[in-house]
Each structure stands twice: as C-alpha cells, then as structure tokens.
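Trainee: These are the residues of each chain, in order.
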Amino acid sequence: MSQETPQSRPQGQGRPQGRPADAGSPRVSRVDASVASPVKFFFASALLWLLVSSVLAVITAVKLHLPGFLNGCEFVTFGRLDAIQRNVFFYGWASNALIGLNLWLLASLGRFEFRNGWIATLGGLIWNLALTAGLAVVLLDSQNAFELLELPRGVAPAFFVAFLLAALWPAVAFARRPTSQVFVSQWYILGASFVLPVVYLLTQLMVLWCPTNGVLPALVHSWFLQNFLFLWLGASALAAVYYFLPKELGTTLTGYYLTTVGFWTLFLFAGWTGPATLLGSPLPLWIQSTGVVASVMLLIPLTITSINFFGTLARDSGWSRAWNNTTLRFVAFGLVAYTLAIALQIVFSARSLNAVVRFTSFISGQQQLLTYGFVSMVVFGAAYFILPRLTGAFWPSAKLVHLHFWSCALALVGSVAGSLYFGWTQGAALAAAKPFAATANPQAALLSSACAVLFLIGHAAFAVNAFGMLTSCSSTTDEGRHA
Amino acid sequence: MKNLNLILAGVFFTVAAPFGGLLLSGHAQLGSLGRAPAEEGGPLFPAKEPGLAIQGRQVYLELGCVACHTQQVRPAGQGSDIAQGWGVRPSVARDYVLQSQVALGNRRVGPDLANYGARAKTDAEIAAHLSAPAVGSSMPTFPSLFSKAKDGSLQPNERGAALIAYLKSLRQDYSSPEAKLKQ
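For the protein sequence lines, the chains are V and F, in the order given.
Numbering-wise (the numbering used here), the first sequence opens with residue 64 and increments by one.
Numbering-wise (the numbering used here), the second sequence opens with residue 7 and increments by one.
By construction, these hints were calculated from the structure, which means they are not laboratory data.
Among these hints, one or two may not hold up.
No more than 27 Å apart at the CA atoms, straight line, and that leaves these computed lysine-lysine pairs for DSSO-like [stated by the list, open to error]:
#, chain 1, residue 1, chain 2, residue 2
1, F, Lys54, F, Lys154
2, V, Lys497, F, Lys154
3, F, Lys127, F, Lys54
4, F, Lys54, F, Lys156
5, F, Lys174, F, Lys54
6, V, Lys310, V, Lys462
7, F, Lys127, V, Lys497
8, F, Lys174, V, Lys497
9, F, Lys154, F, Lys127
Cβ pair distances, simulated, as ranges [what the hints assert, rightly or not]:
#, chain 1, residue 1, chain 2, residue 2, range
10, V, Leu202, F, Ala15, 41 to 51 Å
11, F, Leu50, V, Val324, 51 to 61 Å
12, V, Ala491, F, Leu12, 46 to 56 Å
This one's a predicted model, so the numbers in the text were calculated from it and none came from an experiment.
Even glycine gets a Cβ: it sits at the ideal position worked out from N, Cα and C.
Build the full structure now, drawing on both the sequences and the hints.
Mentor: Written out as structure tokens, the structure reads:
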C-alpha cells in the first residue's frame, strides 16, 4: 500500500483561468496519449447526454406546475419524460463520464501505456447505442416500473457487455500488472467496476428476465439502486477525490492508514442499505430493519473519509488553495455534498423521521445531493484537469469556467435546499393529517424550474468550453497552438 | 493492500453477502406466498384481476403514472396514509402476489392509489378526471386515451377503458391473514 505523493506531472492550472501566463500548450504525455481517444469519446458522449438531460429536466420541472405544457402528444407526457431524463442523467451522463474518468485515472496512476484503447471505445459505442435504443422504447412504447430499470430488458445484455469491455476489463488489466505501488484510487475503481456489472446482471435476471410476482422485485430493485448510487457512482467519484486532493495540494492525506478500513466498510455496508429506502412498505419488517442498521453503519466510512479529506483540507490553508484551483474547487464542493448526503442517509433512516419525508421531494433532494452535488461536481473538476492533458489545448474561456461553477453550485444549493425544505414541510403537514391536496406548495415547483434553467446555463457554458477544446486540433509539441 | 486478487475476492464477498442475506432469504420467505382466505373457508384474496384490468396495468406502466403515484399504504405508526383515507389497513406482501410488476412507487406527487378502487366513483367520473383533472392539479391530461364520439363528447377508447378498469381493480379493503380489518 502506498501513499499518493505529488509527482512530477504538470501541476494544475492554479486560479481558474483559460491559459497561464507562460502560454505554451500543455504537453500530452505518452501515457495520456494512449488513453486519449477512449477517454475523449466517453467525455464527449457524457457531455452530449448531460445537455439532453438538462433540457429534459427543465421541461419536466415546468410540467409540474403547468401540466398543459408540451402535453400535445402522449410521447411527451410527464411519466415518460421523467423516466427518460433520469436514465439519460445516470446512464448517459454520469456513467459515461465515470467510465472515462476511471480509465484515465488507471492509466495515470499505473503510468501505463494502454495498448488496446479501441476495445474501451467499442464498449462505449455499444453502451450509447443500447441506451439510445432503450430510451426510444420508453418514449414510444413502454417502461418498467422501477427507477433506473425502466429501459426494456433487451438493453441489459448490451449494457453488460459494454461495461465489461469499457470498465471492468481495463480495471482488471491495469490492476494485474506487476507494480510496486497500488493506490487507494485503484481499489475504489476496481471495486466499483466489479460491483456494477454483477449487481446489474443479478437484478436484471431477478426483476425483468425471470421475474417473480409480488413485492420481491421491489426489494431487489432497492438493492440495485443503492449499489448503483453508492458503489458505482459514489465509489468511482471517491477514487477521483483520493487522486486529485493530495496531488493538487501537493501533500499527503491525513489519516492515510485509515483508508483501508474506509474502503472495506463502505463496500461492506452500502450493499445492505437498500431496504432502508422501503420503510413502511409491505416487505417483512426484519428486512427493513436490516437496512436501517446498515445505514447507521455507514457512519464508519463517512467518518474516515471526513478525516481523510477535511483533515487534509484543513492543513496548510488547504481550503483556500483548493478554492483557487479549478479542479479542487469543484472537488471540495463535492466533498461537502458527499458528507451531507451520507449524513442525511444515516439520520433519515430512523423510522420516525423517515415516516415524515418518505414519498416527498425530500428523497429526491437527498439523491441529488449525492449524484449531482458530489458525483457530477467531482467529474467536472476532473474534466478541467484531464481534458487539457488529452487535447494539448487550454480551456478556451476562463469566464465560462466561472459561469459553469457558479450557476451549477447555486442551482444545486437552491434545488437541494428546496427539495429538502418543501419535502419536510409537506411531510409534516401530512403527518398533522392535513388533506393531501392542501399540502403541496406551488413555490416548490417554481423553485425547481428556476434551478433547472440555471443548471442548463451552467452545463451549456461547460459544453461550449469543452467542445471548443475537444474539437481544436490537438498538438503534442511545445510549439503547439497559440491562437 | 497490494494483492489485487484479495481485493476482488473481498469485493465479491461484499456483493454476495447482501445478495444472500437479503434477497435469497427474502425470496425464501416471500416466494411461497399465495392467495389466502381471511378465515377458514372464506373466499381467496387478493381477487384475480379481470382481463381488461391486466391490459390497463400495461397502460399505467406505459404512461409512467408511477412517477407521481404510489401503491402502498403504510401502517398507522409509519406515516398518515390511513388517516389520509388511502387505505383501511396497511398493505401487506400478500396483497401483491398476483401482480407481475408491482408499481409500489416512491414519489407521491398525487395520492396513493393502492386502494383507489374502493373509493372510485363511476367510470364516467374517472374518465372525466383523466381527460380533465381538477383545476390547479399537477396531473396532466391524457387525450390519447379518448376519442371523440359522434355527438362530439370525449369517450374513453380501448386503452382508456382498460386503464379505468385497472384503476377500479385496485383494492386492499379485504381482510388478510396478516392484516385483519377492524370490525
């Protein structure tokens, strides 16, 4: 086991800026060049899906207070678009981006020139085609009743194969090389890349291919969802944090010796937390209680990641240095969101509290805190670091970087705070036996529409910047582009 | 931790444990559940859904009603579902044994529908709600479930009629061995 130490790679760009004063183009190292094409492919696909998801999010948010909006034909009814938006966000944006990020991290950490990049790209192609086909079915025909399993079951084999090619195979290939060092990030990537395909396969079998009647599929689904959120999205994003934080601060992690425990306890307990999302449901009580216990146990990995990350940030004016570094600004924001999200998961698995907020927007706020506030923000931060190294170009506009950060950060705070607050007040009003119709606050829908528009602005700024860079002809030499 | 085989083995265990501990034991407990009478010799519940309702369930899934409606009534100590009039007793696993894709749902933009059939009004009133929900409701209209009759009025088409039959079949107002109705 070895401590990540600052290495001889080029340091981050310092303050958010398009181009440092000593304006040469960044070099593309041989290691980076070897993964450049698959990683660029995954980032570009992720970005396109993110734009689609943001537009859909605006439409669904508006529909919640103006149900007549775009209601002309059945294909754009709320129930269909909502499912499509969710799947685009999770399978299109987050998963593509994390597959690309994991590939780059593996190559970078292992200083490994990746020979068969095309295999990962092929996996990515299959993934995106299958997703597109699946979404078309939801739009035009039918969907399944479980969140993130809405796509028709025919998509599953394609997703599975694609993931093996693009994520699991590279992870295992990198990991099996003889090396003197194994980094914390690699454990997380290996774990995440292994958990997702296995859990996805078993879930598809039990829920869609050989389904049983009754409530069992709901239990299987809750297991899948928690694995997906915590051990695929969450663990992959943690891998990136374990890489970028010490590297960009040029320091070592506080409490490094705890990381092993943090890793194992997260993987050990997160898989059991599913039933904690089903409190009060018709499932047997002992199953629900197991989920509650597992959620409380998440306190251990949460404490350890907090010591690791906040301990590190608290030393040597780490917070202010993080704030002045584009990548770390996003990462630090993400870490605060992660801590809050897990803390909410723990606290609101208490039966009495859960009874108030269950089925309200509180739950979506909690989920958004993890999947957007943490995962997406970390991915953005990582992209600001990685893309220049892959393209040999600089970010075209520093203003757009600022616009991206501020609109997304504000939108997230507004949207999560709104969901939590209005969810809680609605739950409290229902508990006080107010009639249901009198408990929905129209301001909630207005706020979430405003935030959806703000997200769209931020993502558009990011996309303009990133596509400007991805399409600029890359140069591998120092005399590169100065234009 | 240098030994990657060990990491993979460990991660495999962390997946296998909840799979066995939750899903397989859940299957062992729930898999054998079937219809049952509330007391010896009584009729079996839940009642079989009529064929039209089974088609209607498909329409319910297609249109994504589950995005806004749940179908589960929580016990009295856990939320106010019964006080809201959504059910007369908590939902139990046995209520769902005939359903192939349970639409339990996890978000309530609209009311719970687990026992909607017991409080539903006439077909015409349900149809009126689907073609024109209450003013101020965030529930959309579903014009594709209706077609114009000769006299110009909107009548539910085949899918509309199936959906209405399905909604009326949603009932949890019988006694079940796990949840007796209070007399």
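Trainee: Evaluate each hint against the coordinates.
Mentor: Here is how each hint holds up against the structure:
1. Lys54/F - Lys154/F: Violated - the C-alpha atoms of Lys154/F and Lys54/F are around 32 Å apart, more than 27 Å.
2. Lys497/V - Lys154/F: Violated. Lys497/V to Lys154/F sits at ~39 Å, over the 27 Å cutoff.
3. Lys127/F - Lys54/F: With Cα atoms ~21 Å apart, Lys127/F and Lys54/F stay inside 27 Å; holds.
4. Lys54/F - Lys156/F: Roughly 35 Å separates the two Cα atoms, so the pair is violated.
5. Lys174/F - Lys54/F: Roughly 13 Å separates the two Cα atoms, so the pair holds.
6. Lys310/V - Lys462/V: holds, 25 Å
7. Lys127/F - Lys497/V: Cα-Cα ~23 Å, so holds.
8. Lys174/F - Lys497/V: The given pair, whose Cα atoms are some 26 Å apart, holds under the 27 Å limit.
9. Lys154/F - Lys127/F: holds, 22 Å
10. Leu202/V - Ala15/F: 41 to 51 Å: Distance hint for Leu202/V, Ala15/F holds at roughly 42 Å.
11. Leu50/F - Val324/V: 51 to 61 Å: At 52 Å between Cβs, range holds.
12. Ala491/V - Leu12/F: 46 to 56 Å: Distance hint for Ala491/V, Leu12/F holds at roughly 49 Å.
Hint check: violations occur at hints 1, 2, 4; the rest are consistent with the structure.
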